[in-house]
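**Student:** Sequence:
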Amino acid sequence: MSEPLPPELEPIAWSEDGVLMALRHRRRPFWGVQFHPESILTEYGSRLLWNFGQIVASHQKRSGVVAGKRLYTAHTREIRSGADSAGVYSALFGHSGHTAWLDSVRTDRGLARFSYLVEASVQLGEVLTYRLTEGKVFIEEVGGAVRCIPGSIFEVLDKEIGRRVINAPPLPFDLVGGFVGYFGYELKAECGASARHTSDLPDAVWIFADRLAVVDHANDTIHLVALSCTSSQSETAALRWLDSAETIVRKVAGSCAARPEFAQTQSPDPQALRASAEMALARDREQYLADILHCKEKLLAGETYEVCVTNTLLFPRTVDPLRFYARLRRRNPAPYSAYLSAGGVQIACSSPERFLKIDGSRVVESKPIKGTLPRHLIPDEDDRLRRSLALDPKTRAENLMIVDLLRNDLGRVCEPGSVHVPTLMQVESYATVHQLVSTVRGRLRHDVSAVECVRACFPGGSMTGAPKLRTMEIIDEIETRARGPYSGAIGFLSCDGTADLNIAIRTAVFTDKDLLIGAGGAIVLDSDPAAEFEEMLLKAMAPMLGLPSASLTVRSGSFW
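Read in order, the letters of the sequence shown correspond to residues 46 to 605 in this note's numbering.
Just so you know, the hints here were simulated from the structure itself, not pulled from any lab data. Among the clues, some could well be false.
No more than 20 Å apart at the CA atoms, straight line, and that leaves these computed lysine to any residue pairs for SDA-like [said to hold, decoys possible]: (1) K181 <-> P214; (2) K181 <-> H242; (3) K343 <-> K181.
Per label pair, the in silico range of CB-to-CB distance [stated by the list, open to error]: (4) H262 <-> T363: 48 to 54 Å; (5) I423 <-> H465: 26 to 32 Å; (6) I57 <-> G456: 45 to 51 Å; (7) E179 <-> T363: 39 to 45 Å; (8) L116 <-> G299: 55 to 61 Å; (9) L514 <-> P315: 37 to 43 Å; (10) D428 <-> Q316: 20 to 26 Å.
Just so it is clear, CB atoms sit at the ideal spot from N, CA and C, and this is done for glycine as well.
Hey, can you work out the whole structure from these sequences and the hints?
**Tutor:** The following block contains the structure:
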């Protein structure tokens with residue numbers, strides 16, 4: 046490429062020695078460069094690509110090329126800050142009606158690096174609520190109108206994501222703009238299974254987050270993100286929010302005083318936890334043991350290989366959900382924790398298990414957990430428990446079956462031959478338990494969206510057993526109430542096609558009057574019913590760590 050150029054082309058950039066490096070078409074939206082902005086040694090390469098994105102968005106805005114799509118710009122600010130994410134969340138969003146906190150409390154290498162603190166604001170925020178019994182999605186503009194769209198939450202979410210375009214600068218994290226929320230377990234009815242039980246809560250709640258504070262635990266920074274639409278008023282509001290949020294974050298970082306909801310409190314006594322857990326069971330010990338024996342009959346009959354049976358603990362709602370979560374995250378830190386307050390639902394979750402992550406290269410990852418043993422205070426004994434978990438034949442059999450189930454689920458939506466298992470049956474240790482974890486990966490086919498991938502794999506196999514469909518039918522015969530958000534998935538679905546969702550275990554769900562905690566375990570042929578009952582209580586005790594000691598009482602009489 047050299048000068049002189051044809052009359053329709055205009056030169057716009059030269060190198061220091063006068064060589065033409067860039068040009069544009071005088072009438073059409075065409076630009077060209079003669080070097081490589083994507084190269085690691087190119088100065089301002091990322092800025093060049095960002096500028097090009099701005100040019101494209103501006104052209105689309107003027108020409109209407111992106112018909113039927115909503116165009117957003119992400120305004121960002123990076124703060125070098127030692128502010129704790131708990132204080133930042135409380136100060137920015139603690140009193141908002143529609144917020145979520147995808148909280149990487151445990152940030153070991155290879156686990157979650159970022160925490161996402163998000164809000165659906167009155168500027169651009171929306172709340173999607175769905176109940177299976179209604180078969181339609183209600184979309185509420187925060188502080189505004191409500192519209193109703195017939196169809197499945199999966200279908201509506203897929204369309205809503207697909208019609209939004211977010212122009213953002215290069216950032217090290219995936220969620221710049223998109224939806225944050227949960228899928229409840231009963232949505233299995235829209236994934237090939239049947240539905241016997243109906244949840245009192247919405248089967249799905251998702252918020253479109255237009256205000257975000259993203260904590261980078263690796264670099265000790267906070268990225269503020271505010272979306273604007275095409276109006277100047279929206280852009281002004283976004284920039285004002287960035288200014289206000291930066292002031293708040295810096296104030297939190299400079300304050301030594303702990304906020305009251307995050308103040309230290311004494312952990313509940315383990316014996317009191319266990320006693321309260323057993324008293325709060327919806328199905329008592331006798332019934333739970335009978336349920337396990339029923340599972341073993343199905344196993345002997347060859348109808349299933351593994352059944353994930355769960356129970357529900359019911360407590361009166363006597364604690365503030367955010368204070369509950371503040372205690373829980375401190376006492377039981379986990380990499381895929383979450384707090385959600387939206388659509389009339391509050392959820393506090395300290396999950397150690399990733400359901401699905403889809404990155405920018407369309408690589409899908411799942412990290413199923415099967416196998417749990419308690420931690421021990423004596424290091425040698427704790428190490429013995431860890432080694433015994435890694436070698437236990439029953440536990441390894443449980444884990445293997447779920448790994449194979451996930452390989453099958455991902456095989457339906459991934460490129461042929463791409464599904465593999467980089468780590469098989471590896472012990473990970475948390476505050477209260479050791480767990481046996483595997484990792485399954487694949488590359489998503491080009492014709493499959495993130496929502497379609499989630500739907501193909503939902504519910505997570507570690508919460509059903511195998512084979513999935515028949516085993517879910519057996520579970521419906523045994524369990525007497527809906528699981529609700531518990532054993533579903535909580536996370537984000539970004540407008541750029543990335544996603545990250547957990548398995549909603551170690552989870553407390555707040556209703557108007559009750560606090561519900563689910564817990565269970567996988568039953569195989571050589572399961573010991575008494576041991577399975579104790580494992581279920583052990584798992585229930587983890588989310589109960591959010592309770593203050595004074596709350597460890599339950600209502601007398603029936604929990605139904």
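**Student:** Decide, hint by hint, whether the structure agrees.
**Tutor:** Each hint, compared with the structure:
1. Annotation: proposed proximity of K181 to P214 is violated, straight-line Cα distance about 35 Å (limit 20 Å).
2. Taken as a hint, the K181 and H242 pair is honoured in the structure, with Cα atoms around 18 Å apart against an allowance of 20 Å.
3. Note on K343 and K181: the hinted pairing is violated, with a Cα-Cα distance of about 36 Å set against a maximum of 20 Å.
4. With their beta carbons about 33 Å apart, H262 and T363 fall outside the hinted range of 48 to 54 Å.
5. I423 and H465 have their C-beta atoms about 38 Å apart, which leaves the hinted 26 to 32 Å range violated.
6. A beta carbon spacing of about 49 Å between I57 and G456 agrees with the range 45 to 51 Å that was offered as a hint.
7. Remark: the range hint 39 to 45 Å for E179 to T363 is contradicted by a beta-carbon distance near 31 Å.
8. A hinted range of 55 to 61 Å is violated for the C-beta pair L116 and G299, which are about 37 Å apart.
9. The supplied range of 37 to 43 Å is met by L514 and P315, whose beta-carbon atoms lie about 39 Å from each other.
10. Taking 20 to 26 Å as the suggested C-beta distance range, the pair D428 and Q316 conforms, at roughly 25 Å.
The structure is inconsistent with the numbered hints 1, 3, 4, 5, 7 and 8, although it conforms to all the rest.
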